[in-house]
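K.L.:
All chains, full assembly: derive it from the sequences and hints.
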Amino acid sequence: MMNLRAAGPMDQFEIIPIVQLPGGSDLLAFTNSSLWMVIGTAAIIIFFFMATRRAGMIPGRVQSAAEVLYEFVSDLVRDTIGSEGRKFFPYVFTLFLWILVMNLFGLIPSFPGLAHELHTFTPTSHLVVTLALAMLTITIVIVYGFMKNGLKFFKLFAPSGLPMWLYPLLVPIELVSFLSRPLSLAIRLFANMFAGHIILKLFAGFVGSLLAAGGAVALIGIVPFLGVVAVTALEFLVALLQAYVFAVLTCIYLSDAAHAADH
Amino acid sequence: MDAEAAKLIGAGLATFPLAGAGVGLGLIFGNFLSGAFRNPSAAAQNQTTMLLGFALTEFTGLLGFVISILILLGIF
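If you read the sequences in order, they're chains X and F.
Sequential numbering from 1 applies to the first sequence in the numbering used here.
Sequential numbering from 264 applies to the second sequence in the numbering used here.
Hints in this document: simulated from the structure, not taken from any laboratory.
Be aware that one or more of the hints could be misleading.
[Claimed, not checked] Cross-link-like lysine to aspartate or glutamate pairs, in silico, DMTMM-like; alpha carbons within 25 Å at most: (1) LYS152(X) with ASP79(X); (2) LYS87(X) with ASP262(X); (3) LYS270(F) with ASP11(X); (4) LYS201(X) with GLU235(X); (5) LYS152(X) with ASP11(X); (6) LYS270(F) with GLU235(X).
P.N.:
This is the structure:
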């Protein structure tokens, strides 16, 4: 018999350990979050493996799809950073695809009777995941900025050509705005995924409760159902958009770091 | 007023930023449309910037929603 229990909108974010890893702490475990990250990575690798097998000048369907993705990110990197952007292309490409796949996982429906660990889970709906990505990005930006510009990297905060009295005002503001970049990157992705999926489950819960009430009220259940359909469509757009925005902002920060000495 | 009531009022107040997000989004899309009506051939070029602006504006409004939800769920 299926073990059905009504889930609230927050249950989808629960982290459930699947396999405890040795290391002493109770918290070190292979969780459902790790499971979905592994599934996503494997899916991307398999997709590109299949796309590049027997690669021809005239591409087949899978190869075309992979080429569209490649060109999309390649144009983005080249338009934003310029010719030095080539060395960042693998990173931005990986970032874009990984975030996209993680975002899309939350829109896959689950079967009611599955074990709790196997329900679809969005790894990017946890702040810690997006914070890790944002910190990685900003570390790359800062290290690259110092490697390329030396101490002139600080000219990012003090653009030339301004009257002297403006600098004590401007430099702290620029500094704070720079430091808020990784935070905004992390919170933007997290908030969009978190809020969107809560809305989705909330509307779905309404359908459930209206149907359970039975009678004429059950017919009103069509309204939140249409809401779920509309919000799912919006969430597909948001998943794509948020991956794109993360990649674009990464490219913009990298181009800032690359051209810091020109300020 | 006990803490629970104050928290719930705070959660309700925290949804006000969504009004700003709504206004901002309307401005973005309205300007895009008026530009597209005048110059339809350039519309496709500006679509990317429009979507970028949409995402950034939406995010600012969502911050309010997230805080509201966090208060309601007892995390704060």
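K.L.:
Which numbered conditions among the earlier hints are violated in the structure presented, ordered from lowest to highest?
P.N.:
Going through the list in order, the structure violates hints 5 and 6 and respects the others.
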